[in-house]
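Colleague: The primary structure of each chain is shown beneath.
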Amino acid sequence: MSLNDEYNLNLPKQKYMAVSASFSKRALSLLIDLFICYFFMLSPLFALMPIKDNVIDGMNYLLYSNNSLLLILISASGLILLLYFSLFQYFLGRTPGMQLMNLYTLPMTFSQAVVRNLLFVPIFPFSLLWILDLIFLIWKKRRFLELVSNTLSIEIMEY
Amino acid sequence: MVNKKNTTKIKNEEIKIEDPNKKTNLVNDKNNNEEKLVYEEKITLKNSQEEELLKEIEKKKAELFIPKPVKSGLFITLSIIIFLILIATLISGCTSLIMYGEEDYGNVAMIPIEGTISFSSGNDFMSDNSDANYIIEQIKTANEDENILAIILNINSGGGSPVASAEIAQAVKNSKKPVVAWIRETGASGAYWVASSSDYIIAHELSITGSIGVIGSYLEFDDFLADHNISYNRQVAGQYKDMASPLKDMTSSEEILFSNLLQDMHEIFIRNVAENRNMSYDAVKKLADGRIYLGITAKENGLIDAVGTSDDVHKYLKELIKEDVDFKYYYQQKSFLDSVMGMNSNLGKNIGLGIGESLSVAKETNVRV
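Heads up: the protein sequence lines correspond to chains A and B, in order.
Each residue of the first sequence is one higher than the last, beginning at 1 in this note's numbering.
Each residue of the second sequence is one higher than the last, beginning at 1 in this note's numbering.
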């Protein structure tokens, strides 16, 4: 019998603590989300690939023979990834990957959601945000774009 | 706020009630009792009206001032996913219309023969098999297409199944439209068989061609079984039924039989190449010891018609069709689901390849050109 039951103290049964989301959980949730995007959202774009049975030949064809198609594929993938992360985080506060990893984001506006996911924009300066985010995540336990957008990813820990 | 206003309105304007107990000019008790009854009725009426009004106000509050409750997470998740799939489909459709719309009017059919030639395309993304069925189908389609004036086989293969190669070669010979074989890096063995059946062969001078021979192989691990006290209990009807079984040593008569089989295939291969290239049987036989030739040596030996690069291929085709060359690409199309399913099935196959299939006698004897 616990102390709470024995003396009827009416103490809280569980205590929760919100902490900044861990690196491993963030990475896993990102992988899950990318997997979902690859198999569901981006699948219609694969129909554009002229060679579907061999990824290497397909990429060679795109790189050396059809640059405009490559540009369209990269731009469309970037747009869909940006929308996926922004819409889920704005409407539900977390993406399906974050749900599985039990991560949350604090309530935010749609513009904040877009800013915190700008790293998916497939244009040169934005691509650098991946590296910058990673450095900030290791250094300050918070992504660079989270600082810029004034948002936060948290995980709820029971103690 | 609305609630308060409306309630005040009821109290002050709509229902005016005077309390008989507060009256000072009462005449008698009888009159007083009647007034009390009327008062109670009015109070009841007032209460019921107030309740109804309050309910209505609560309802309006819910509609106007309280934000609609958020739908379930599943609903939003599905909505977002469907929305994004629709966007991707829209982009894909528009791009396809813009980019591939023009390709349908190409005048030279480009059919690739890459990787191992077989009757299976291999389902996964990384597979490099060329499905003979598909290639034959594409050659027929190109022949039926009025816009197509010539067919070019883009060959980069080291051969494969003898039957698959022979069937593609036959389809090439049956083609009513001129067929040009373009050997890029490798066009050896079965792939050369296919190339030889075309009307003209162009290869890079450093490409690998030839390899006119047949290779047969089988696994044998009877010693391994003996080491582990596992014996092969031979039960056959027909002396050579378990020829090339990995579970036993091949007998000398079986070895001769197996060798003859390969020799027969080799003969057919040589005869076909000789016929296709308009060369004598003996001339091809001299070259057909299984060795590979560089493009330049193959040209000297008459195995190909010209050495050249992609520009030379373009020039030759332009002369052949007497108009500007516009390729129509025929690629092995495979659905996304096939590829995903193929990945799973091939994973299982690869894991079990060394275990399960090596025990199968029929599948292990591998003959290829």
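Please keep in mind that the hints were generated in silico from the structure rather than gathered at the bench.
Just to be clear, a hint being listed does not mean it is correct.
Some, not all, of what chain A presents toward chain B, calculated at C-beta under 10 Å [unchecked claim]:
{"id": "1", "residue": "Ile36"}
{"id": "2", "residue": "Leu45"}
{"id": "3", "residue": "Ala47"}
{"id": "4", "residue": "Leu118"}
{"id": "5", "residue": "Val121"}
{"id": "6", "residue": "Phe124"}
{"id": "7", "residue": "Leu128"}
Negatives, chain A to chain B, calculated, CB over 12 Å [said to hold, decoys possible]:
{"id": "8", "residue": "Glu6"}
{"id": "9", "residue": "Tyr16"}
{"id": "10", "residue": "Met17"}
{"id": "11", "residue": "Phe23"}
{"id": "12", "residue": "Ser24"}
{"id": "13", "residue": "Arg26"}
{"id": "14", "residue": "Ala27"}
{"id": "15", "residue": "Thr95"}
{"id": "16", "residue": "Val115"}
{"id": "17", "residue": "Pro125"}
{"id": "18", "residue": "Leu137"}
{"id": "19", "residue": "Leu147"}
{"id": "20", "residue": "Val148"}
{"id": "21", "residue": "Glu158"}
Computed list of chain A residues with no C-beta within reach of chain B, every gap over 12 Å [stated by the list, open to error]:
{"id": "22", "residue": "Ala18"}
{"id": "23", "residue": "Ser20"}
{"id": "24", "residue": "Ser22"}
{"id": "25", "residue": "Leu30"}
{"id": "26", "residue": "Leu79"}
{"id": "27", "residue": "Gln99"}
{"id": "28", "residue": "Val114"}
{"id": "29", "residue": "Trp139"}
{"id": "30", "residue": "Lys140"}
{"id": "31", "residue": "Ser149"}
Don't be surprised by glycine CBs; every beta carbon is placed ideally from N, CA and C.
Colleague: With reference to the structure, classify each hint as holding or not holding.
Modeller: Going through the hints against the structure:
1. Ile36: holds (8 Å)
2. Leu45: This hint holds: Leu45 of chain A lies near chain B, its Cβ roughly 5 Å from the closest one there, short of 10 Å.
3. Ala47: holds (5 Å)
4. Leu118: Result: violated, 18 Å to nearest chain B Cβ.
5. Val121: Constraint on Val121 of chain A not satisfied, violated at 16 Å.
6. Phe124: At about 22 Å, which exceeds the 10 Å cut-off, the nearest Cβ of chain B leaves the hint on Phe124 of chain A violated.
7. Leu128: violated (25 Å)
8. Glu6: holds (39 Å)
9. Tyr16: Fine: 20 Å to the nearest Cβ keeps Tyr16 of chain A off the interface.
10. Met17: Non-interface label on Met17 of chain A holds, nearest chain B Cβ at 24 Å vs cutoff 12 Å.
11. Phe23: holds (25 Å)
12. Ser24: Holds: least Cβ distance 24 Å, greater than 12 Å.
13. Arg26: holds (20 Å)
14. Ala27: holds (22 Å)
15. Thr95: The claim is violated: Thr95 of chain A sits with its nearest Cβ about 9 Å from chain B, within 12 Å.
16. Val115: Holds, because the least Cβ-Cβ distance between Val115 of chain A and chain B comes to about 19 Å, which exceeds 12 Å.
17. Pro125: holds (23 Å)
18. Leu137: It holds; Leu137 of chain A is separated from chain B by about 25 Å at its closest Cβ, greater than 12 Å.
19. Leu147: holds (26 Å)
20. Val148: Answer for Val148 of chain A: holds, closest chain B Cβ roughly 24 Å.
21. Glu158: Holds, since 21 Å exceeds 12 Å.
22. Ala18: Nearest chain B Cβ is 20 Å from Ala18 of chain A, so the label holds.
23. Ser20: holds (23 Å)
24. Ser22: holds (23 Å)
25. Leu30: Correct as stated: the minimum Cβ-Cβ distance to chain B is 17 Å, above 12 Å.
26. Leu79: Violated, since 8 Å does not exceed 12 Å.
27. Gln99: violated (8 Å)
28. Val114: Fine: 14 Å to the nearest Cβ keeps Val114 of chain A off the interface.
29. Trp139: Holds: least Cβ distance 32 Å, greater than 12 Å.
30. Lys140: Non-interface label on Lys140 of chain A holds, nearest chain B Cβ at 30 Å vs cutoff 12 Å.
31. Ser149: holds (20 Å)
When each numbered hint is compared with the structure, violations occur for hints 4, 5, 6, 7, 15, 26, 27.
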